[in-house]
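Visitor: Chains A and B, in that order, give the protein sequences.
Taking my numbering, the leading residue of the first sequence gets 19, the next gets one more, and so forth.
Taking my numbering, the leading residue of the second sequence gets 19, the next gets one more, and so forth.
Be careful, since some hints might not be right.
Because identical chains share one entry, a pair is satisfied inside a single copy or across any pair of copies.
As the list claims (entries may be wrong) - Taking lysine-lysine pairs in the DSBU-like style, the calculated list, with each CA pair at most 30 angstroms apart, reads: (1) K235 x K33; (2) K242 x K69; (3) K60 x K203; (4) K65 x K20; (5) K162 x K426; (6) K203 x K270.
It is worth saying that the hints were derived from the structure and are not from the lab.
Note that this is a predicted model, so its numbers are computed, not measured.
Spelled out, the chains give:
There are 2 protein chains.
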Amino acid sequence: MKGVCIATYRSYDDKADFNKKALSIAVGLTVGSWTELPEAQKAEMEKHLGKVLSVYVHEPAGAAPGERYADIQISYPDINFSRDLPALLVTVFGKLSMDGKIKLLDLDVSDNFASAFPGPAFGLDGVRDLLGVHDRPLLMSIFKSVVGHNLANLKDQFYMQALGGVDLIKDDEILFENPLTPLEKRVEACMDAARLAEAETGQKLLYAVNLTGPTSKLAANARKAVQAGANALLFNVLAYGYDVLHELSSDKSINVPIAAHPAMAGAMYPSPHYGFSAPLLLGKLMRLAGADLVLFPSPYGSVVMPKEENLAVKDALTTPLHGLRTSFPVPSAGIHPGLVPLILKDFGTDVVVNAGGGIHGHAMGTAAGGQAFRQAIGAVMDGVPLRDAASEPGNEPLQAAINAWGIKE
Amino acid sequence: MKGVCIATYRSYDDKADFNKKALSIAVGLTVGSWTELPEAQKAEMEKHLGKVLSVYVHEPAGAAPGERYADIQISYPDINFSRDLPALLVTVFGKLSMDGKIKLLDLDVSDNFASAFPGPAFGLDGVRDLLGVHDRPLLMSIFKSVVGHNLANLKDQFYMQALGGVDLIKDDEILFENPLTPLEKRVEACMDAARLAEAETGQKLLYAVNLTGPTSKLAANARKAVQAGANALLFNVLAYGYDVLHELSSDKSINVPIAAHPAMAGAMYPSPHYGFSAPLLLGKLMRLAGADLVLFPSPYGSVVMPKEENLAVKDALTTPLHGLRTSFPVPSAGIHPGLVPLILKDFGTDVVVNAGGGIHGHAMGTAAGGQAFRQAIGAVMDGVPLRDAASEPGNEPLQAAINAWGIKE
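Only chain A is shown next, with the shape it has when bound in the complex:
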């Protein structure tokens, strides 16, 4: 809608008059009071007034206590807030977040608001262009362990992962500035390993180094990393705020893709009663703020998110949104090669298959772990059942992976 941002809430209450509640939100979070305003002032204030767009009460016969809720849509005039995410979020879910059981399900911002957001500087297609890979899902791997390891060890780990044919390698999100593997030296060592591996595999690779430190130093740290050769960044967005990602991704001097890590997201999305929906928290807001890739808990592993919610996150990252580039979905955790057919069935080919244990835990070693994934991806793209592909010559890594972890379809 023109000139307004629309928030959709789910509000739980066994008895509330939800229409009244919706009206009090729409007025209370905009002009403050309405009915008591003199008529002359109403004309003046009308353009600032929030409006209730819809109230759907979910109240099945025989609903148990705690089951009654309403989905409420309210429009907030753009004129009330500056065009930044803190202002938008404080307006629509600042005080309101503390007003009983209420969850923010979605936000539809206006074109005018969105025009302040360039979104992903590279996006899904840009990441593919950098890698020169357009015809298959990408493969990302993570280090086995990083804390307490030195540069030589990280370089070794990196090289073995790169040899396996992965497209992206990401730092662990808990690797911060430290004397053993400081940012610039780590980038140099890992990019060295990337070049060594490329000479073997002929394959380009992005290394997403973890961008950390004081907020005011992040842009400078990012530039240091890029200058040292980093060709991507990993960023713990929710520990710093969306606005920081927005500023980093809008900064033309930081000309590499940014992968958003979901660290701390579990404090905000899993409750049915509080917080943000996952598709908003990890989907739409991440994309608006400029994440080129977004990691989120896969529906396959131990850290789970229900599949329906997972696919809604994917949709928020990839369906049309104010002309923004799409962000690469990276469902993570619990991924092994036998899951590749299912991942591609669920997510299509525009997905990053991201693995840790499923690569490092491979019986033939880390490089074979990556190869097993690439063989699985190749088989699915060719329409060959994994079991058949595994018996082809050269595909021993895939066979070993299937022997260890099976196939899940």
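Based on these hints, arrange chain B on the given structure of chain A.
Guide: Just chain B now, kept in the frame of chain A:
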């Protein structure tokens, strides 16, 4: 404990082996793997290894499904993370926040970690010093409505509040940079009103103007506000991240107290199963990051927090913590003069009584609304029952407030 930060979690699970789970957290979020490490490497990695300090399983006989939980304490070596709050939070509750029903109850940081945090630059005593008030609770008021109003209107509202004898006036947290009342002009208009009122009341006053805008411009905006005459700031900490507050409060050129608004906190504390405990989110972390005053939902109003949790927030703000200054607790929402005896019983005298409707809704007007609160505070400090005080000559405002809202003891 020396050299480690200790996190306390509550983990809900009907069947889990909590000792095993605790161990997997302690290892998984630090060195990654342990039992499979060669002995020689263990010696090297020991100093990075997280340790399980305690596991208390709560499993009453006949517990219904969903009621079984464990409180788990784990120590994380400081050496693993940089001395900033994003690094600490991502380490102890990044990935883990998404691992089932788990809530972060508390964090005890080491003296070494804390030494990077000067904490509140003014704190409770500093705010009292600025106002010259040491012998009673402070009184804060908020504007009736701000969105859509012009400078003249805000100045009027400010003046009427100031006349009532309030000590602090805060902006609405949803007032952002806007053409009607831009930051510097707003500060000038309101501080003008403050001076006019001071000529009447002889009383000093702090105006906490809302600090908003892009993250990288906040420090500059704060300096602009101070230069224009602002003597305090309001800040929506959780929309920007604790680290931003930490940087602002550590900035010597921003030499005014900062009041932390809890906007968005409801997305993170109310669930029993997810997020952060309120005393951590709105207490300890706000203080560590340098909030001089902290607003949080009072146990008296419509936006409620259970009283036990409320007092735990107060304790986190005011009990000894690494030698940091204390932060002023500001329990907010639903406050009227008849609640003052109860507030002071619950919080003691080191509290800011914060009111909106309880001031503007006064039958005799806004100035009388403030006076009624001051009269209530005076009565309680003198040990006079409100009802008796209300009948004293000059205390008509208190009488009118009691007539309207009653007394709650």
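Visitor: Hint by hint, note whether the structure agrees.
Guide: Evaluated hints:
{"no.": "1", "hint": "K235 x K33", "result": "neither (50 angstroms within a copy, 45 angstroms between copies)"}
{"no.": "2", "hint": "K242 x K69", "result": "neither (47 angstroms within a copy, 34 angstroms between copies)"}
{"no.": "3", "hint": "K60 x K203", "result": "between (62 angstroms within a copy, 25 angstroms between copies)"}
{"no.": "4", "hint": "K65 x K20", "result": "within (12 angstroms within a copy, 57 angstroms between copies)"}
{"no.": "5", "hint": "K162 x K426", "result": "within (24 angstroms within a copy, 60 angstroms between copies)"}
{"no.": "6", "hint": "K203 x K270", "result": "within (24 angstroms within a copy, 33 angstroms between copies)"}
Checked against the numbered hints above, the structure violates hints 1 and 2; every other hint is satisfied.
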